[in-house]
Amino acid sequence: QKEVEQDPGPLSVPEGAIVSLNCTYSNSAFQYFMWYRQYSRKGPELLMYTYSSGNKEDGRFTAQVDKSSKYISLFIRDSQPSDSATYLCAMKENDYKLSFGAGTTVTVRA
Amino acid sequence: DGGITQSPKYLFRKEGQNVTLSCEQNLNHDAMYWYRQDPGQGLRLIYYSQIVNDFQKGDIAEGYSVSREKKESFPLTVTSAQKNPTAFYLCASMSLQGTQYFGPGTRLLVL
Chain A
1 QKEVEQDPGP
11 LSVPEGAIVS
21 LNCTYSNSAF
31 QYFMWYRQYS
41 RKGPELLMYT
51 YSSGNKEDGR
61 FTAQVDKSSK
71 YISLFIRDSQ
81 PSDSATYLCA
91 MKENDYKLSF
101 GAGTTVTVRA
Chain B
111 DGGITQSPKY
121 LFRKEGQNVT
131 LSCEQNLNHD
141 AMYWYRQDPG
151 QGLRLIYYSQ
161 IVNDFQKGDI
171 AEGYSVSREK
181 KESFPLTVTS
191 AQKNPTAFYL
201 CASMSLQGTQ
211 YFGPGTRLLV
221 L
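Chains A and B are the protein sequences, given in the same order. Each residue of the first sequence is one higher than the last, beginning at 1 in this note's numbering. Each residue of the second sequence is one higher than the last, beginning at 111 in this note's numbering.
Calculated from the structure, these hints are not laboratory results. Please read all numbers here as calculations on a predicted model, not as lab measurements. Misleading hints may appear alongside valid ones.
Under 10 Å between C-beta atoms, here's a sample of chain B residues computed to sit facing chain A [as the list claims (entries may be wrong)]: (1) GLY150; (2) PRO195; (3) PHE198; (4) PRO214; (5) GLY215; (6) LEU219.
Beta carbons: idealized from backbone N, C-alpha and C, even for Gly.
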């Protein structure tokens, strides 16, 4: 079993819809949770960074962490074609190593 | 502009050849990382370095080597022992707050 599980999709939604992405994990020691966006043939860019359980909002993006269920989510409101990308979840303990999900490919149709 | 640069963007390797991928950062970060990304797979850690002149193997270090002689630089050598080197290679550095920032990547292809 992988340490971090992420549905690879692909996920296709119409413009303006809410995109819902999620990851589950098995290591209860994870404390820091991140979401990255990666456009084709580019390096990942950090979207959201959260610590422990709770919600964090940044513009159209909301990250949720539920440590009791070992489950994290990313919601994208009012999705745009420019949101079409692969989204990677990542998490870590209080150390130097990150564990990544496989990524979910999202297409927002105009 | 602060950031991470990787070169070259594309690299071709002949059988039996060693090739070196460059990674430079001007973010003043101590920790640097090399990942390999294959289609449909997540990022897999090759090597990481927390400080100059020190580095540790990641999950898939076999067939790769690194050096960390300067804080700004963390080159990766793909040796002839790596039998399946075709992949997208990503370099990253980590801030004191624990966030990782990535370079634009190098795509390695085998001739």
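Next item on the list: Answer holds if the nearest beta-carbon of chain A is closer than 10 Å to that of PRO195(B); otherwise answer violated.
Entry: violated, 18 Å
| request: Let me know if the C-beta of GLY215(B) comes in closer than 10 Å to any C-beta of chain A, holds or violated. | output: holds, 5 Å
*asked:* Hint validation: PRO214(B) versus chain A, beta carbon distance must be below 10 Å. Holds or violated?
replied: Check passed: Cβ of PRO214(B) comes within 5 Å of chain A, closer than 10 Å.
(Q) Using the nearest Cβ pair, does GLY150(B) come within less than 10 Å of chain A? (A) This hint holds: GLY150(B) lies near chain A, its Cβ roughly 6 Å from the closest one there, short of 10 Å.
Requested in this report: Would you settle whether the hint for LEU219(B) is holds or violated, based on the nearest Cβ-Cβ distance to chain A being less than 10 Å?
Outcome: violated, 13 Å
Holds or violated: is the Cβ of PHE198(B) closer than 10 Å to a Cβ in chain A?
holds, 8 Å
Of the numbered hints given earlier, the model fails hints 2 and 6; all others are met.
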